Amino acid sequence: MKVLYFAWLRSKVGIGEEEVAPPPEVSDLGALVAWLKTRSPGHAAALADMAVVRAAVNQDYAGLDHPVKAGDEVAFFPPVTGG
Amino acid sequence: MKVLYFAWLRSKVGIGEEEVAPPPEVSDLGALVAWLKTRSPGHAAALADMAVVRAAVNQDYAGLDHPVKAGDEVAFFPPVTGG
Amino acid sequence: MIRVQREDFDPGAELARLTAGNTAIGGICLFVGLVRDFMGEAAALGDEVRGMTLEHYPGMTERQLEAIEAEARRRWELEGTLVIHRHGRLEPGDRIVLVAAASAHREAAFQACHFLIDWLKTKAPFWKVEHTAAGDHWVEARASDETLAGRWEG
Amino acid sequence: MIRVQREDFDPGAELARLTAGNTAIGGICLFVGLVRDFMGEAAALGDEVRGMTLEHYPGMTERQLEAIEAEARRRWELEGTLVIHRHGRLEPGDRIVLVAAASAHREAAFQACHFLIDWLKTKAPFWKVEHTAAGDHWVEARASDETLAGRWEG
Chain A
807 MKVLYFAWLR SKVGIGEEEV APPPEVSDLG ALVAWLKTRS PGHAAALADM AVVRAAVNQD
867 YAGLDHPVKA GDEVAFFPPV TGG
Chain B
807 MKVLYFAWLR SKVGIGEEEV APPPEVSDLG ALVAWLKTRS PGHAAALADM AVVRAAVNQD
867 YAGLDHPVKA GDEVAFFPPV TGG
Chain C
440 MIRVQREDFD PGAELARLTA GNTAIGGICL FVGLVRDFMG EAAALGDEVR GMTLEHYPGM
500 TERQLEAIEA EARRRWELEG TLVIHRHGRL EPGDRIVLVA AASAHREAAF QACHFLIDWL
560 KTKAPFWKVE HTAAGDHWVE ARASDETLAG RWEG
Chain D
440 MIRVQREDFD PGAELARLTA GNTAIGGICL FVGLVRDFMG EAAALGDEVR GMTLEHYPGM
500 TERQLEAIEA EARRRWELEG TLVIHRHGRL EPGDRIVLVA AASAHREAAF QACHFLIDWL
560 KTKAPFWKVE HTAAGDHWVE ARASDETLAG RWEG
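Protein chains in written order, with this note's numbering: chain A, 807 to 889; chain B, 807 to 889; chain C, 440 to 593; chain D, 440 to 593.
Same shape as in the complex, but just chain A (with noise of 0.2 Å):
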């Protein structure tokens, strides 16, 4: 599973990248975010507060309850800001 971190959140976590290999109880994204913060303090930094981080699986805005599976491309990010 590849998962993507964009603006203030790729500061936090220090990579923009990774691929991860969660245990297969790991099933949607809210159980994703837990085992995220996890793996460093800067994950915990970054996905502290979900009411501020955006969400997207395969390219698609996704919820926390949304399934996850091997193979998936996940990201984090702020509300957009374009335009």
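FYI, nobody ran anything at the bench for these hints, they're computed from the structure. These numbers were taken from a predicted model, which means no experiment stands behind them. Even for Gly, the Cβ is constructed at its ideal location relative to N, Cα and C. Be a bit skeptical, because a hint or two may be false.
[Unchecked claim] Reference listing, derived: stretches of chain C covered by chain B, where coverage requires no fewer than 3 residues with Cβ under 8 Å from a Cβ of chain B:
id	stretch
1	459-469
2	511-517
3	554-566
4	571-580
Chains B, C and D: place on chain A using the hints.
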């Protein structure tokens, strides 16, 4: 007093512009319309139905109760269709 | 700024001129009206239009366009406005009108631009003759234009 | 059509391309967003912005912009649509974004163009860092943008 006609009103009157000197009792647009209609069958046809005619006095839209006097520029035309 | 002219205009050059050197502008909204090749609401229902001629009331046109522009600048905080309207003979595909509004904020730019064209449509003294295979005829004002302009009243 | 690019674009040329040869178009509405030289709501209150850098999510950006464009074309009868968004480093006065919609009818062109920028603002994965005298900071999303986008829901 200068009177101008535009679009199909000009076609009906047969001229685009004329200098007129109505009698002193013609003191508002409504009276001017009544007086102009006596000038020719073309005038009468153009000004027959004032519901489909707009008027301006000195280049501002004006209602039939708007005063008119010597030296004014008065115009009659259909609802506008620019843009 | 307002302009009434027979010649064509270049929307890109006008846009560049309107924003040049003003870094307080966050957004610019522009509308360009073109001569369609059919009359009425839908191509299938309408007669083919071979061209049109726009008549106007010189003097009053400029006066009314300036009043409409001033009203837009009174209602919204704008960094620039532009209205260009052509007259004379035009062919299908030709540009007729351009309205534009620039502002620090996109919503003001959109609202002002929309207001400019809606008011122009019902207040600026222009009249169209359409040239069709069946002959020439004066275009009739549409009630829907009055309704759209009415949104901005009050 | 959508484009995500580092290079600048020419609004006049894009407008000409969008309308070329299509005489069913009665109106085209275009919005261009520019880099302002101040942050926040008013020049007097904001810090001076020396430039900004736009980051985006390659792949998802194109996917979301295409979805927004498709939604506009589903909602209104349009003859053409265009969305261009830049990324990378930009200076005050630089163009950031262009959205445009062409239609037989001016109201459809306006509504679709307005919809395109409102939805883009809340759905396209771009993030701005502003460079100011006080340092760099990530621009925060504005609740007002959510409100404006919400007009088009349902």
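Verification of the supplied hints:
With 0 residues having a beta carbon nearer than 8 Å to a beta carbon of chain B, the stretch 459-469 of chain C misses the requirement of three or more and the stated coverage is violated. Only residues whose beta carbon comes within less than 8 Å of a beta carbon in chain B count, and the stretch 511-517 of chain C has 0; fewer than three means the coverage is violated. Residue count for the stretch 554-566 of chain C with a Cβ under 8 Å from a Cβ of chain B: 9. That meets the three needed, and the coverage hint holds. Under a criterion of three residues with beta carbons nearer than 8 Å to beta carbons of chain B, the stated coverage of the stretch 571-580 of chain C is upheld, 4 such residues being counted.
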